[in-house]
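Required output: the full structure, derived from the provided sequences and hints.
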Amino acid sequence: MIKLRLTPYANTAWAWDTTTGLYRTADGQSEITPYGHPMLEHLGLTDGTRTLVVVRERTAGRAVARPEPRTLTAADFDAARTTAVTWPLDYVLVETAPGVPVRVTAGPCGIAPLYVAHDATTLFGSWDMADLAQHARTLSPREVARLLIYRPRYSQETVFQGIHRVTERATAHFGGHLHVQYPEPALHSGPRELADTADVLGAFVAAMDDALDARPLDAEATVFHLTGGFDSGTVATRAAERLPGQYATSTLLIAGPGRESQLRRRAQIRDAVSFAGTDLIVDATETGVLAPGCVRRSGGRISPYEEPLHHPFTRMTQLIAQHGARTVVTGLGGDEMVALSQQEYPHKPMGEISDGLTWIGARARAALEFADDAIAPPARVNSMTLLSLETTAPVLLRAGIWPVHPFTDPDMIQLGEWLPYDWRELKQLQRRRLAALGLGPDVTQSRTRESFAEVVQHALTTEARPLFDAILKDGSPLFEEGLIDPDGLRDGLRQLDSGPYREDGDAQLLEVIDLHLAAAAFL
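FYI, the numbering for the sequence shown is 1 to 523, going by full-length UniProt numbering.
Bear in mind the hints are in silico, worked out from the structure with no lab data behind them. Hints may be right or wrong, so weigh each one.
Stated by the list, open to error - Here are the simulated distance ranges between beta carbons:
id: 1; residue 1: Y501; residue 2: A80; range: 18 to 28 Å
id: 2; residue 1: T448; residue 2: E511; range: 22 to 32 Å
id: 3; residue 1: I281; residue 2: E68; range: 40 to 50 Å
id: 4; residue 1: Q343; residue 2: G175; range: 37 to 47 Å
id: 5; residue 1: E260; residue 2: A80; range: 49 to 59 Å
id: 6; residue 1: R432; residue 2: A80; range: 39 to 49 Å
id: 7; residue 1: P88; residue 2: R490; range: 32 to 42 Å
id: 8; residue 1: E369; residue 2: A80; range: 56 to 66 Å
Glycine included, each C-beta is placed from N, C-alpha and C at the ideal position.
In structure tokens:
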């Protein structure tokens with residue numbers, strides 16, 4: 001939600017430039033550009049020495065803050081700084097003062113990523129990693145290895161040494177050297193015993209209402225992602241119940257045996273309550289993950305953390321923007337809200353390296369010993385959810401669209417933590433809520449898996465082949481750094497050609513493509 005260029009120790013005042021939509025110091029050495037959007041606001045405060053600039057999500061029922069810096073007493077400035085971090089929605093704080101390092105603090109929600117980099121005198125930051133490409137020095141073996149085997153970790157480390165992530169509630173300090181300070185761990189609770197009179201579905205509906213009402217949503221400028229799944233389905237149907245006929249919907253269509261099920265489920269969900277007539281659909285099989293016109297494929301600087309299905313997701317986002325929408329509401333975070341613990345359901349951790357991943361280079365394999373080092377402490381929002389939000393936000397923000405994720409609301413998260421096992425197992429909470437709307441077993445008890453696995457398979461066996469051929473012929477930064485073994489990659493491609501297709505094994509080849517294209521574009 002912010003882009004910045006900060007020079008520490010400066011003794012100049014900040015001013016708001018209405019024409020350019022940014023804050024700038026009198027000497028022109030520092031700038032802060034808030035993301036301009038009706039769902040956001042920004043303000044500046046100063047006590048004549050210190051300056052605080054706040055960019056944050058708007059809350060419903062409050063007038064929009066004035067951006068021009070206001071002068072306060074030192075005591076009132078201290079009180080305002082203390083209050084700023086209690087804001088109920090997401091925010092970014094920037095603090096400057098003469099003779100001291102600058103500080104940039106991220107809020108607790110992670111709706112838009114914040115990446116930072118620096119040179120000898122200046123700190124740079126952006127929600128779009130491409131803005132910092134000139135600061136990418138080389139690849140991080142540990143982070144590349146994590147992504148190659150699908151073992152992502154939420155930390156300040158990114159694929160590119162020289163570019164850092166400011167994780168939720170973390171503070172970046174810069175005075176010539178950069179230090180990203182992690183926050184204290186967020187506290188969580190566990191399942192509780194339900195009272196005999198407990199109305200779980202009523203509590204769920206109330207929590208959804210509160211999450212939707214927290215922000216000033218404009219129904220005419222809002223689209224709901226409606227995939228046909230439980231999470232987006234429960235949120236979208238509740239919104240449509242409250243404002244019948246006003247909310248448009250959108251989705252990416254999958255391939256394979258789940259496609260017909262997805263179509264049926266979406267149709268039944270849209271018939272159960274009154275949505276607007278507009279339903280924006282992009283067929284991922286027709287758009288293609290790596291088809292000609294894909295920004296990644298054409299050499300665009302797309303972060304490796306952005307949406308794996310970048311091309312079809314971008315096309316859907318463009319349709320939403322053409323519709324006039326400025327806000328998208330998703331079901332992201334629903335899985336984690338009702339997730340079972342390791343004690344309740346012992347399961348294999350994701351991202352275990354296997355013999356089938358023949359292309360993992362020796363340096364990457366060695367780095368995996370330290371895969372869990374230096375990760376961020378527990379957050380209020382599940383770390384996997386935070387990483388998911390990071391994949392979607394840049395595409396949406398480039399199109400002028402702000403994302404809203406009700407399942408990341410604190411009350412929604414706490415409700416999920418308190419629920420007994422039988423309400424969380426297999427998403428019983430969402431299933432029972434949809435059943436209460438009159439939806440039948442085809443929606444609430446579907447046994448057909450719906451995923452983008454077949455879309456990825458098609459991309460790897462068709463569109464990706466010329467890219468792999470070029471990599472093996474011309475080389476890759478991943479080869480040079482010992483992170484991908486060329487001979488192992490050839491073996492993996494032979495396995496892909498000879499089949500049968502292995503979802504757990506072959507699918508990771510898409511990560512090889514994304515990392516190679518990102519490395520080639522950034523370095």
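Status of the hints after comparison with the structure:
no., hint, in the structure
1, Y501 x A80: 18 to 28 Å, "violated, 57 Å"
2, T448 x E511: 22 to 32 Å, "holds, 26 Å"
3, I281 x E68: 40 to 50 Å, "holds, 44 Å"
4, Q343 x G175: 37 to 47 Å, "holds, 45 Å"
5, E260 x A80: 49 to 59 Å, "holds, 56 Å"
6, R432 x A80: 39 to 49 Å, "holds, 44 Å"
7, P88 x R490: 32 to 42 Å, "violated, 53 Å"
8, E369 x A80: 56 to 66 Å, "violated, 46 Å"
Checked against the numbered hints above, the structure violates hints 1, 7, 8; every other hint is satisfied.
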